[in-house]
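These protein sequences, in sequence, are chains A and B. So for the first sequence, this note's numbering puts the first residue at 405; every next one is plus one. So for the second sequence, this note's numbering puts the first residue at 58; every next one is plus one.
Warning: the hint list may mix true and false statements.
[Claimed, not checked] Below are the BS3-like pairs computed for lysine-lysine, each with C-alpha atoms no more than 25 Å apart in a straight line:
# : chain 1 : residue 1 : chain 2 : residue 2
1 : A       : Lys484    : B       : Lys411
2 : B       : Lys322    : A       : Lys425
3 : A       : Lys547    : B       : Lys322
4 : B       : Lys411    : A       : Lys518
5 : A       : Lys501    : B       : Lys411
6 : A       : Lys417    : A       : Lys647
7 : A       : Lys439    : A       : Lys539
8 : A       : Lys638    : A       : Lys438
The hints are simulated quantities; they were obtained by calculation from the structure and are not laboratory data.
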Amino acid sequence: MVMSNSIKIKSKKISVFYGDKKALDSINLEIPEKKVTSLIGPSGCGKSTFLRCLNRMNDTIDICRIEGKILIDEKNIYEKGLDPVLLRARIGMVFQKPNPFPKSIFDNVAYGPKIHGIVNSEDELNDLVKDSLKKAGLYNEVKDRLDEPGTSLSGGQQQRLCIARAIAVSPEVILMDEPCSALDPIATAIIEELIDELAKNFTIVIVTHSMQQAARVSQQTAFFHMGNLIEVGKTEEIFSMPKQVKTQDYITGKIG
Amino acid sequence: MGFWSFFTLLCLVGFYVNWYGTTKALRINSNIEKGPKLPSLPNYYGRHALLSFILVSTTILLVWIFLKPFILDLLLENKISVDLTSSFDGDPSMLIDTIKATNPNNFFPGTNPLIIESAKYYEYIKETSDSYVYLMVLFVALIFSIFSLRKISISFQARQSVEKTNINILIFCSVIAIITTIGIVFSLIFEAIRFFEKVPFFDFLFGLAWSPQTAIREDQVASQGAFGAVPIFSGTLLITLVAMSVAIPIGLLSAIYISEYANLKVRKFLKPVLEILAGVPTVVYGFFAAITVGPFLKDLVSFFGFSIASESALAAGGVMGIMIIPFISSLSDDVINSVPMSLREGSYAMGATKSETIMRVVLPAALPGIMGAILLAVSRAIGETMIVVMAAGIAANLTANPFEAVTTVTVQIVTLLVGDQEFDSAKTLAAFALGITLFFATLLLNLYALKIVRKYREIYD
């Protein structure tokens, strides 16, 4: 497979501190556009922390301090004066545990378009919600009960609802933080297919505990260990002939 | 035997029964060399014996407390001689009461000696009967616990039995609350029915005038009294509305600030300070309303060219609202805090600002709890008496103007029952009619509130 040369996100010497504790140490990573990049590594290695740097979600934690730069389309998102709220509208996020809002299925998807004023009319909104649900592969299952609460869906459906919610504002990047860890194998398979489909239009960064999942869905894989980026490369290379011993140890189950 | 020595003995026997049961079970277990041991742990056998001991003794004691007056009367009646009955010069039905009211050690000179003798007897059985009952309690309870101790064997499942008894004790305790409520309702209903014999029900419920002054003597030409409850309930409603329109916005907004924006230091300071408001006695709020807020409102309102009564619904309601703030803010703060962080993060990740997240995600999720807090505050406002007495007066005006003096149900109940009143005049009985109407009004309110809360629960949980 040929890597596209277009790089969407560049992380330059990103370090993260929680209080005095250093959680990430000078990470340099390039993420290609409209590809799936997976971040793997043992628990507490900093992969989720790195993901949360990409949409500045770490800003909501009081004791968190960040050094370095992250360039999205060559523009530093940690620049002074940049509004993280606007940034997050461009970068969608799907969480580990499905977290639909306490609203109807329709209102869950309409949430983003409404707060950002993306649509001008009821009809446009209806179309956008329908379209987003279709892209998330959920529309056929819920089309007759859009006014039912989002929490009434099954876990896998809830997670797809969260994906529909994220893509309703047409983000450029979608961040996924272990999106399948709370789901059963069938729901996981559906989400993985969906990720393949979404990669045609979106740049996706996914944190996962499952190496099989990383191998199945991603084109690029980055291995984190103890706050350091150990190795990054094409997924099939990482899993077949890793250059670093630690990577080798992790994918063969010796550490982790 | 005095009560305390009886009680000590009871505890000692209870401990002994418990210990004996446990050791007996241990002994049985240690004697079994092969095969299954006792089905429950040894201490359950002790506890089973103890439970039967406690339950039997408390049951007998409770029954005795209820029956004691009747049994004593019965004993006294049997003792009364024919001589006494014939020589008693009052109403025969009063004889027993007369005997009971006579102090055998300090009686009026010239009291019938037979009465004094009976009174002595009554005094005697009153004092000694308790001791006999105590002995009986100990005896019967001990028999029951011996039965329980004898039952200890491989085939007796003490653990299940103790578990069942525990459940029954819990059920009994919750039934007490229900029975008390029913008792309260009935005590109100009987007096209220007597009131409605004097004043027609619909005149009370829909009457527009309230002036409970009635003639005390037959020949008085004083007013007939008017018992229309509408002005009182409208007054209650008006004051509650004023109070809630102060308390809900301030309480809710401060709860949002404390839970979502304030940092830990501010929060640690602010929450207790707000809760101090709840600890101020309502009489003090009454002073504040009558002496500070009332005159201030008078100046303020006259500045804008209106006039306000010196005792007004606005002053009382406003101060009541301040009193209620901590109820709403503290409870809502707890509820808002319990909204999962993942919902907030989901909203931030969509590019929502903090206030958008609070308005559109956090508050809707916390709504059932917030509704609960508000309704608790409403019932507090309806029941509040002191502030209204001091700051809103007792004039039953039918008005929706908060600048005028109004009165509330609780205040009227107090004024009706304070002072010298015969207990069968319409004026006094009206208090009970008001009480039961208030009871049903708040009951309906609570039921409605529960329905709302449940509806939201279904949607959001």
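Task: Indices of hints not satisfied (ascending) - done: 3
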